[in-house]
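Novice: Now for the letters of each chain:
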Amino acid sequence: MSGTPQSLQAQPLAVTNNAVVITHEDIDRAHDRVRVSAARAQHGFFPWARLLWLLVGPGVLVMLGENDGPSMLSYAATGAKFGIGFFLPFVALTFCIAIVVQEMTVRLGAATHRGHAELIFERFGPFWGWFSMIDLGIGNFLTLITEFIAIRAGAGFFGVPPWAAILIALIILYSALISHRYWTWERVTLAAAVFNLIFVPVALLTHPDWHAVGHSLTTWRPLPEFSKDTLLIVLADIGATVTPWMLFFQQSATVDKGLTTRDIRFGRFDTALGATLAALAAGATILATTPLLSHQMSTENFQAAEFAQALEPLIGRFGASLFALGMVEAGIVAAITISTSSAYAFGEVAHKPHSLNLPMGQGKSFYSVLTLCAVAAACIVLTPGLPLVYVVLLVNVVAVLAMPPALVFLFMLVNDKEVMGDLVSPLWANVLSTGVVLLLTAAGVLFGISVIAPNVFAVLGGR
Amino acid sequence: MTKKEQLPPAVSDAEQSLVLASLEHDQLVKAKKHSIPRRHLKGFELVVLWALRLYLLFMMAVVGYQIVVATR
Numbered sequence: 001m002s003g004t005p006q007s008l009q010a011q012p013l014a015v016t017n018n019a020v021v022i023t024h025e026d027i028d029r030a031h032d033r034v035r036v037s038a039a040r041a042q043h044g045f046f047p048w049a050r051l052l053w054l055l056v057g058p059g060v061l062v063m064l065g066e067n068d069g070p071s072m073l074s075y076a077a078t079g080a081k082f083g084i085g086f087f088l089p090f091v092a093l094t095f096c097i098a099i100v101v102q103e104m105t106v107r108l109g110a111a112t113h114r115g116h117a118e119l120i121f122e123r124f125g126p127f128w129g130w131f132s133m134i135d136l137g138i139g140n141f142l143t144l145i146t147e148f149i150a151i152r153a154g155a156g157f158f159g160v161p162p163w164a165a166i167l168i169a170l171i172i173l174y175s176a177l178i179s180h181r182y183w184t185w186e187r188v189t190l191a192a193a194v195f196n197l198i199f200v201p202v203a204l205l206t207h208p209d210w211h212a213v214g215h216s217l218t219t220w221r222p223l224p225e226f227s228k229d230t231l232l233i234v235l236a237d238i239g240a241t242v243t244p245w246m247l248f249f250q251q252s253a254t255v256d257k258g259l260t261t262r263d264i265r266f267g268r269f270d271t272a273l274g275a276t277l278a279a280l281a282a283g284a285t286i287l288a289t290t291p292l293l294s295h296q297m298s299t300e301n302f303q304a305a306e307f308a309q310a311l312e313p314l315i316g317r318f319g320a321s322l323f324a325l326g327m328v329e330a331g332i333v334a335a336i337t338i339s340t341s342s343a344y345a346f347g348e349v350a351h352k353p354h355s356l357n358l359p360m361g362q363g364k365s366f367y368s369v370l371t372l373c374a375v376a377a378a379c380i381v382l383t384p385g386l387p388l389v390y391v392v393l394l395v396n397v398v399a400v401l402a403m404p405p406a407l408v409f410l411f412m413l414v415n416d417k418e419v420m421g422d423l424v425s426p427l428w429a430n431v432l433s434t435g436v437v438l439l440l441t442a443a444g445v446l447f448g449i450s451v452i453a454p455n456v457f458a459v460l461g462g463r
Numbered sequence: 001m002t003k004k005e006q007l008p009p010a011v012s013d014a015e016q017s018l019v020l021a022s023l024e025h026d027q028l029v030k031a032k033k034h035s036i037p038r039r040h041l042k043g044f045e046l047v048v049l050w051a052l053r054l055y056l057l058f059m060m061a062v063v064g065y066q067i068v069v070a071t072r
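Protein chains in written order, with my numbering: chain A, 1 to 463; chain B, 1 to 72.
Some hints here could point you the wrong way.
[Stated by the list, open to error] Calculated lysine-lysine pairs in the BS3-like style (CA-CA distance at most 30 Å, straight line):
hint: 1; chain 1: A; residue 1: Lys364; chain 2: A; residue 2: Lys417
hint: 2; chain 1: A; residue 1: Lys228; chain 2: B; residue 2: Lys30
hint: 3; chain 1: A; residue 1: Lys364; chain 2: A; residue 2: Lys352
hint: 4; chain 1: B; residue 1: Lys30; chain 2: A; residue 2: Lys417
hint: 5; chain 1: A; residue 1: Lys417; chain 2: B; residue 2: Lys33
For the record, the hints were derived by calculation from the structure and aren't laboratory data.
Could you put the whole structure together from the sequences, leaning on the hints where they help?
Specialist: Spelled out as structure tokens, the structure:
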């Protein structure tokens with residue numbers, strides 16, 4: 001039955017008084033797996049569709065979760081500042097990169113039934129484990145702050161006071177948890193995540209030039225000028241699709257959902273589906289704000305509400321409201337998934353119970369970390385006078401910078417024969433992931449040069 | 001871990017059968033208490049990990065510098 005490598009199967013079942021020790025978490029997960037087995041036992045399209053429905057989740061959630069507040073602001077700034085030209089196909093490419101990276105976490109989770117933080121700690125030791133946890137902790141907390149900024153700004157468009165917007169977001173986050181069932185949490189969050197596609201009707205309201213869209217997708221032109229601003233937006237767009245929390249979240253969610261090696265094919269489909277939906281929403285956001293470029297509107301330091309207000313004369317109150325609502329939704333879904341990612345990682349490292357199937361009594365530390373992360377970030381956003389605008393602008397850049405070390409751990413784990421058995425990465429996947437690490441590192445180095453020695457770009461013919 | 005947490009929860013025979021029939025052995029929570037054997041990193045791997053660690057520290061300093069410049 002098990003597809004897990006022999007080295008990891010060597011341990012016997014935990015037994016007390018000749019009885020297998022079974023937890024509440026095991027029972028809930030078993031109920032989910034019974035439905036999967038029942039669907040798998042049948043043939044035909046409908047059982048297959050049901051199996052797909054049962055197995056999708058972590059991939060769609062991670063991709064739409066990453067279409068978060070700062071990501072949507074990056075896409076909006078991209079459209080307003082550069083139009084679609086180079087960036088529409090570029091963003092599609094970044095989602096292809098995300099599929100390559102996230103697929104590895106599906107395989108790791110299904111093969112080992114362990115979370116990403118747990119594997120790094122156990123396989124490489126606490127020294128390297130703590131480094132990756134510090135990267136994750138700082139990145140997650142900064143990103144969480146930006147989610148609440150997006151929620152506050154988006155809700156501000158409707159005149160909702162900041163404290164009320166933040167409180168509503170925290171209530172929604174908590175409501176997703178109260179069932180104490182992974183399945184229910186996943187479906188509730190998925191339902192919220194699908195609202196990310198609200199940016200599609202916003203784009204349609206701007207009456208896009210489809211000929212220009214086709215030209216952009218096929219030629220990647222017009223190319224942007226080589227400058228510090230272009231580099232910053234390129235980095236922000238990369239950081240809007242691949243970030244360390246995604247690795248930790250999808251692997252832990254794959255384990256919590258109970259996926260096995262038999263489900264990897266569906267896990268890949270789930271990841272690709274999520275990437276397609278997220279790319280659609282991202283592309284729509286770029287398209288939606290492109291008219292601001294032709295109106296030569298300065299969008300420097302624009303937040304969610306300002307973008308919605310700037311779009312209002314072009315797409316009406318209804319369209320602008322959808323845009324602001326989309327920002328609120330992006331922030332809420334990401335706040336849910338990112339705080340969950342932190343809680344999973346904490347539980348894995350601290351050897352505390354970590355599952356969304358845990359009743360409150362057994363999962364106190366898990367739910368406390370999840371809630372405290374969100375509440376602390378929310379409180380920071382409500383603190384007057386903090387220079388939060390810089391956090392929003394740089395959080396995606398920080399994510400790109402932290403990604404190469406995280407990817408190297410992932411790369412080493414997914415090529416570890418003792419951990420993965422026959423599921424180690426094939427050569428083509430290794431070539432692609434090495435290319436991704438080099439690309440991200442090079443982008444980071446270029447960003448560093450642009451900050452330290454901005455005149456270098458002028459020498460190279462840029463600005 | 002408290003004494004209460006150490007006690008196995010009351011599980012019916014039906015639930016036990018369900019769990020054993022539906023989950024892979026290493027999916028059980030208790031089975032995950034066993035650690036995966038540690039792997040010792042080789043020279044090249046350590047060089048790459050340290051290089052990336054230094055890269056990240058340096059780049060974070062660059063980000064901090066940019067924030068300071070922007071807030072002036």
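Novice: Now, for every hint given, state plainly whether the structure supports it.
Specialist: Verification of the supplied hints:
| no. | hint | in the structure |
| --- | --- | --- |
| 1 | A:Lys364 with A:Lys417 | 36 Å, violated |
| 2 | A:Lys228 with B:Lys30 | 52 Å, violated |
| 3 | A:Lys364 with A:Lys352 | 9 Å, holds |
| 4 | B:Lys30 with A:Lys417 | 24 Å, holds |
| 5 | A:Lys417 with B:Lys33 | 21 Å, holds |
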